[in-house]
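Chains A and B supply the protein sequences, listed in that same order.
Each residue of the first sequence is one higher than the one before, starting from 70 at the first, in the numbering used here.
Each residue of the second sequence is one higher than the one before, starting from 482 at the first, in the numbering used here.
By construction, these hints were calculated from the structure, which means they are not laboratory data.
Be aware that a few hints might be false.
Said to hold, decoys possible - Pulled a few chain B residues facing chain A out of the computed Cβ check, cut under 7 Å:
1) A584
2) V588
3) T590
4) G592
Stated by the list, open to error - Some, not all, of what chain A presents toward chain B, calculated at C-beta under 10 Å:
5) A88
6) V90
7) G201
8) Y265
9) E267
10) A269
As the list claims (entries may be wrong) - Here are the simulated distance ranges between beta carbons:
11) B:P623 / A:Q96: 21 to 27 Å
12) B:D608 / A:A216: 19 to 25 Å
13) A:A183 / B:P759: 50 to 56 Å
Every residue, glycine too, gets a C-beta built ideally from N, C-alpha and C.
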Amino acid sequence: MGDGMFRNVKKQRFTDKWAEVHRYQIQDIKFTMYLWQKSRLSLVGSGIVVALIVVALLAPHLPLYDPFQLNVLNRLLPPSGEHLCGTDQLGRDILTRMIHGSRISLMIGAMVVAISSLIGLVLGLMSGYFGGKIDEAIMRLTDMFFAFPRLVLAMAVAAALGPGINNTMLAIAVVSWPIYARLARAGALQIKNEIYVEAAKSIGASNMRTLFLHILPMILHVIVVQATLDMGGVILEAAGLSFIGLGAQPPSPEWGLMVSEGRHYIHMNWWVSTLPGMAIVVTALGFNLLGDGLRDIFDVRARR
Amino acid sequence: MSEELLTVRNLVTHFYTYRGIVKALEGVDLTIGRREVVGLVGETGSGKSVTALSIMRLIEPPGKIISGEVIFDGKDLLKLSDEEIRSVRGKEISMIFQEPTLALNPVLTIGLQLQEAIETQDLRKEDAEKLATAMLEKVGLPDPERMFKNYPHELSGGMAQRAMIAMSLSMKPKLLIADEPTSSLDVTVQAQILDLMKKLVEEIGASVLYITHDLGVAAETCDKIAVMYTGYIVEFSDVLTMFENPLHPYTQGLLNAIPKLGYDLYTIGGEVPDLINPPSGCRFHPRCQEALDICSKVKPQITEVKKGHLVACHLFKY
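Next comes chain B alone, as it looks inside the complex:
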């Protein structure tokens, strides 16, 4: 067994729209070790969620995974048959979504959906029911027996997210993809949900790909952080290094843009480029203050500049 649970190599996903080809992912490289929590941060539209969906192969037309490798536990997910990938979903990789109340089917009870999550993995009905109730209890929902019969609209956002966590962890997956699981919740609930996730994930020994645009949350929860910009990873390192010694100008900009009391808010100049006609070379060069000539011509490859610190930037090539 290798140390890496998930290795994503050069993942390219495009969306074919009437306006043109949206190059949502342009060569994503990412590794997640066993029992590791990796944060994926970036602006809206940088391709965080598309990365997650591509890993699970949930990209629907007009989207298409063009090329790349997603090696999970020794097998390339992109080469599996539809039936095989379906047995990976839920059982080995599962996902939590941003809007918990929208991620639950409004016409089915919590219990039924939880049971469904378990039953899709060929368990006996009674076992599924027992496990479902146990999971509801585990995620700290009051009165699990009654919760079983409740409909999603009877739950608050926090409760719904707990139910979602119960659903996604019920089959003890090896990898949990959390797509901004706390963005729609208020701060106190956010902290509770984060604690709960941490506890349960440690208990079942899963790795986590934690997608967020909140650097504070990322710093608190993650072991490593990958910074994403317009479809690829620009910087990847452990949390401390990332916050103390960011190398990529974009990461530096992001960290500077965290509001501080008494200072004017720092903003990165320019705007997120159009992904149909992205800038040539390094996609950040039009906004970069340190851009060199080469930046507009050659796309920088992500390379290891220090041990465990990877950057995709021409400034650090040598």
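Just chain A, same shape as in the assembly:
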């Protein structure tokens, strides 16, 4: 027993020392949590996003119907105890399809944001850091993209590539990188004039080292906020492309496609289109609220 006590004391000392060494990080995390709590909307946003991710991850293990099982006898049933969100024109359970659809939407959102932010980050950093002709070339390229309405350009690319979820992701990624490039460029322009960047160069740091070790970490928070805000937009766009038939194809339970398929029945059977539509709205809203919250939390001025 004495031995156990001794071990506890030792453990206590260890955690004390850990807390001592990392006291600033701990303070920082506590303060971040405090800021997070303070903003109700960002809490709501985080709640929605976390719930969505959990549901999407657990979808195959939840006690649901088969999203693809046709059951024509039960077609167009209104919401009831058995089918919480009713059934569609082919008798499939809408709640099941919505939950399986969340996997598709989140996957599209995450992939698109990852690809486009990576492309935008690298091009933008180079543009801001090296300046001159490289900057000019990359920025004029982004101008070209900004000159078109995003969705129209995505539609054109998707139409050229042909329908399908992979092509949808590619099409949206192609049109959404310029904003990251602009943000990364602005950050790089600002940070590259900091004295510590000059100091790093004066001790012989290479361009790549300066860019990725000294400049990148300082602009990452802007990119993270933009990526979160973009998630909602990307999911909306993907749903839009699917709605007009350029994205996911039947029988995929993609939300936009579900809305599209249900629109013929909307006069008599409102739930077929409306409920997947609500899912899109809530998801986009959740990501936007989270993004706004993150922006406030990362804001240096608010942190002081």
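Starting from the structure of chain A, add chain B where the hints point.
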């Protein structure tokens, strides 16, 4: 091996701004011998820092080094490739900055940055770490092991400057450029940092280009002094001569402008000229009380008037 470590000849650096071309450096001539501490003094905006950055070739667009030679240890730095100049930085010439807390990256630990300084010069990781801790100890930082894990904002200005010194001297450079290293520190810390720098520089046998606007500090630390005015060196000599027998009217003005108890403060009349449209001839002539006719027409070349005493002024041509 020649006696001179660094010879700067006719260095010209311009900045291309929307308002026009800022002629920041207009023919800087400077020599630094081995193990010599040369002070570069002058007003704000006289081009001291631009000289330092030009020597290291750290001038970024819109700035550009137009012409000149920077002979360091037998090679012209302005003719090296980007890769070659990078291996000179840190290893052979390194720099300390005015604001130590701004010269350290706020998101990286002191240890990481110090290690980085060493690692850029192709050392093994363990060696780099060992050397980094040893350097922190050498610059008199308490508890170097813990300092290794600290972030810059956890350090005071003096401690941060010690860390910077550790960084810049870790590769035993032959030349240390100190750009007002103590201007942002209070007087007691200033003295400590100066002592520390002196000690370490002597230990590794480096030369120093010490940039300051504080004549007192310059007198105390430097072997030789170069006085700079609007982009070129107006006077260059050893410390004693400079303070006892200054020749250039500008230097005389500067020395007179040191506040003395019981006297009114002496000021040099006029103001620092605009570097986009600098005065013709000698750039000091509009403010100079002894100006001759020739001063507004011909730019004086820096010439040796006595042994080791160089002046750029028409008054001392003959």
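Structure-based check of each hint:
1. A584: A584 of chain B check passes; min Cβ-Cβ to chain A is 4 Å, inside 7 Å.
2. V588: Hint holds; V588 of chain B Cβ to chain A Cβ min 5 Å, cut 7 Å.
3. T590: Since chain A brings no Cβ nearer than about 11 Å to T590 of chain B, farther than 7 Å, the hint is violated.
4. G592: At about 13 Å, which exceeds the 7 Å cut-off, the nearest Cβ of chain A leaves the hint on G592 of chain B violated.
5. A88: Nearest chain B Cβ about 14 Å off; hint violated.
6. V90: The hint holds - V90 of chain A has a Cβ within 10 Å of chain B, the shortest such distance being about 7 Å.
7. G201: holds, 7 Å
8. Y265: Where the cut-off is 10 Å and the nearest Cβ of chain B is about 4 Å from Y265 of chain A, the hint holds.
9. E267: holds, 6 Å
10. A269: Check passed: Cβ of A269 of chain A comes within 7 Å of chain B, closer than 10 Å.
11. B:P623 / A:Q96: 21 to 27 Å: holds, 22 Å
12. B:D608 / A:A216: 19 to 25 Å: With Cβ atoms ~54 Å apart, the hint is violated.
13. A:A183 / B:P759: 50 to 56 Å: holds, 54 Å
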